[in-house]
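Asker: Okay, here's what each chain looks like letter by letter:
2 protein chains.
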Amino acid sequence: MAEPIEFYFDFSSPYSYLASEMIDELAAKYGRRVKWRPMMLGAAFQKTGLPLLVTVPLKGEYSLRDFSRSARFYGHPFKFPVKFPLATVVAARAYYWLHGQDCAKAREFAHAIFRAYWMEGRDISELTVIQEIANGLGIDKDALTKAVASPEIKERLKSETDGAIAKGMFGAPYFIVDGEPFWGADRLPQIEKWLQTGGF
Amino acid sequence: MAEPIEFYFDFSSPYSYLASEMIDELAAKYGRRVKWRPMMLGAAFQKTGLPLLVTVPLKGEYSLRDFSRSARFYGHPFKFPVKFPLATVVAARAYYWLHGQDCAKAREFAHAIFRAYWMEGRDISELTVIQEIANGLGIDKDALTKAVASPEIKERLKSETDGAIAKGMFGAPYFIVDGEPFWGADRLPQIEKWLQTGGF
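These protein sequences, in sequence, are chains H and Z. Residue numbering for the first sequence follows our numbering, starting at 62 and increasing by one per position. Residue numbering for the second sequence follows our numbering, starting at 62 and increasing by one per position.
For the record, the hints were derived by calculation from the structure and aren't laboratory data. Misleading hints may appear alongside valid ones.
[To be verified] When the alpha-carbon atoms are kept at most 30 angstroms apart in a straight line, the in silico DSS-like pairs for lysine-lysine are as follows:
#  : chain 1 : residue 1 : chain 2 : residue 2
1  : H       : K90       : Z       : K254
2  : Z       : K228      : H       : K254
3  : Z       : K254      : H       : K140
4  : Z       : K215      : H       : K108
5  : H       : K254      : Z       : K108
6  : H       : K215      : H       : K254
7  : Z       : K228      : H       : K140
8  : H       : K254      : Z       : K215
9  : H       : K228      : H       : K254
10 : Z       : K228      : Z       : K96
11 : Z       : K228      : H       : K144
12 : Z       : K96       : H       : K144
13 : Z       : K144      : H       : K108
14 : H       : K140      : Z       : K202
15 : Z       : K202      : H       : K228
16 : H       : K215      : H       : K96
17 : H       : K228      : Z       : K144
18 : Z       : K140      : H       : K108
19 : Z       : K166      : Z       : K215
20 : Z       : K215      : Z       : K202
[Said to hold, decoys possible] Distance windows between CB atoms, simulated:
#  : chain 1 : residue 1 : chain 2 : residue 2 : range
21 : H       : G224      : Z       : P65       : 44 to 54 angstroms
22 : H       : M83       : Z       : E253      : 47 to 57 angstroms
23 : Z       : G103      : H       : P250      : 54 to 64 angstroms
[Unchecked claim] Over the 10 angstroms line for every Cβ pair with chain Z, so calculated as not near, a few chain H residues:
#  : residue
24 : E86
25 : F139
26 : R176
27 : M230
28 : G259
Here a beta-carbon is modelled for each residue, glycine too, at the ideal position from N, C-alpha and C.
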C-alpha cells in the first residue's frame, strides 16, 4: 500500500483549517490515508524570520479578505476569531496523547478543535476549553489533563515540529506526498494531480 | 460593457509570467478584457518590509521547486533564469510607450519579454536585449530607446506603481476584478468563480 500523505498543521492557521476539511476526502479518492501532524508554527517562523502574515502592511489586510473568500470558495463555514493568534500547544499535545490511544478519536478531536476555533471563535489556548471539547467527545478529561503536562507528550510535540522543519516545513498547511512537499490549501489541486499521475 | 480586469505584474515575477499565459483566455471566456499593468514590485517590498521570496530560509528553496512544478501543472514552458532577480524598469517603460501607440503590439511585446526571460533566460534588464526583442516585433527601436529615457514615460511607470500600491498591491501577479483584489496565479480559479457568479 502507498505511503500516507503527511499533513502538518497548526490549529491557529486558517488555511490549515480549510485544508483539514478537504484533505481526507481527496486522499481517499486515490486510496490514500493521511497522517495528521499538528506542530508549532512559531518554530518555523523563527527559522524563516518572517512576521505573522496578518501584521504585514498591505498583505495582512489582503490575507483577512482572502481567508474568508477562500472559505466561501471551498464551501466551508468560517469566522475570523476575536482572539488571534493564540497558543495551540495544549491542543496539539492532547492530540498526540489521544493518537497514542485511538487514531480515529484523535482525528475527531482535531476536527472539533479546528471547528471550535474557526467556526465558533472559542479560545482553544485555554485548557478548560480543550477539556470541554474533549468531554463532548467522550474523552477522559482528567487523563487528558495529566497527559498534556507529561514530559513524553511535550517531547513528542517538539520532535514532530523539529521533524517537520527538517523536511522543509516553513508554513501551514504543509503536505508531503511521496516525498514531494506542497504548501497551502491552494495546492490541493496540484496534490490531486500528483496522486492521479504519480508525479508530473 | 463590464470593466476590464486589472492585471498588475512585474516581468521578473515567475508567477506573473504563468498568469500572463492564462489571464486573457480566462477573461475572454466571460466576455471580459484585461488591462495589463507592469509595475515595480520592489516598491511594494519597501511597503511590506518583506524580503525577496527566494532568499527566505526554507521557503526560498520550496519556492524554486514550486515555480517549476506550477509551470508543469499549468502546462507552460519554464526555466529558472541564471540572472535573478533583475531590473525590469526598461521593459516596463517600453511597454507603456508602446501602449500609447498600439495596445495590441504592447500586449505582444509583454508576452515576448516574459517568454524571453522565463523560457530562454535572456537578460531583460539590458536595453540591447529589449531593443532586439522590439526589433523582432517590427517596433522602431530608436523611437523605443528615446521613449524609455523620457520623463513622461518614467513618470507613467512610477504613477502606475503608486496606483497599484494605493489599491493594496503587495505582490505579483495582483488582479482587481470589479473592485475585488486577488493575489497570485493560484487565485485564477477564484477569479473564474467571481466572473461566473458576479461575486461569492
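Asker: Now tell me, hint by hint, if it's right for this structure.
Answerer: Status of the hints after comparison with the structure:
1. K90(H) with K254(Z): Holds, at about 24 angstroms.
2. K228(Z) with K254(H): violated (34 angstroms)
3. K254(Z) with K140(H): Given pair K254(Z), K140(H) holds - Cα atoms ~21 angstroms apart, limit 30 angstroms.
4. K215(Z) with K108(H): It is violated: about 39 angstroms lies between the C-alpha atoms, which goes past 30 angstroms.
5. K254(H) with K108(Z): Distance ~36 angstroms between K254(H) and K108(Z) Cα, so the pair is violated.
6. K215(H) with K254(H): With Cα atoms ~36 angstroms apart, K215(H) and K254(H) exceed 30 angstroms; violated.
7. K228(Z) with K140(H): It holds: about 25 angstroms lies between the C-alpha atoms, which stays within 30 angstroms.
8. K254(H) with K215(Z): violated (44 angstroms)
9. K228(H) with K254(H): Within the cut-off at roughly 22 angstroms; holds.
10. K228(Z) with K96(Z): holds (15 angstroms)
11. K228(Z) with K144(H): Roughly 28 angstroms between the alpha carbons, so the hint for K228(Z) and K144(H) holds.
12. K96(Z) with K144(H): The given pair, whose Cα atoms are some 40 angstroms apart, is violated under the 30 angstroms limit.
13. K144(Z) with K108(H): Within the cut-off at roughly 26 angstroms; holds.
14. K140(H) with K202(Z): Not OK: K140(H) and K202(Z) at ~55 angstroms, beyond 30 angstroms, violated.
15. K202(Z) with K228(H): violated (50 angstroms)
16. K215(H) with K96(H): Answer holds: K215(H) to K96(H) is near 19 angstroms, not above 30 angstroms.
17. K228(H) with K144(Z): With a Cα-Cα distance of about 28 angstroms, the restraint between K228(H) and K144(Z) holds, given a limit of 30 angstroms.
18. K140(Z) with K108(H): holds (28 angstroms)
19. K166(Z) with K215(Z): holds (20 angstroms)
20. K215(Z) with K202(Z): holds (17 angstroms)
21. G224(H) with P65(Z): 44 to 54 angstroms: holds (48 angstroms)
22. M83(H) with E253(Z): 47 to 57 angstroms: Since M83(H) and E253(Z) have Cβ atoms about 19 angstroms apart, the given range 47 to 57 angstroms is violated.
23. G103(Z) with P250(H): 54 to 64 angstroms: violated (31 angstroms)
24. E86: Per Cβ check, E86(H) is outside 10 angstroms of chain Z; nearest 18 angstroms; holds.
25. F139: holds (13 angstroms)
26. R176: holds (22 angstroms)
27. M230: violated (7 angstroms)
28. G259: holds (13 angstroms)
Checked against the numbered hints given earlier, this structure breaks hints 2, 4, 5, 6, 8, 12, 14, 15, 22, 23, 27; the rest are met.
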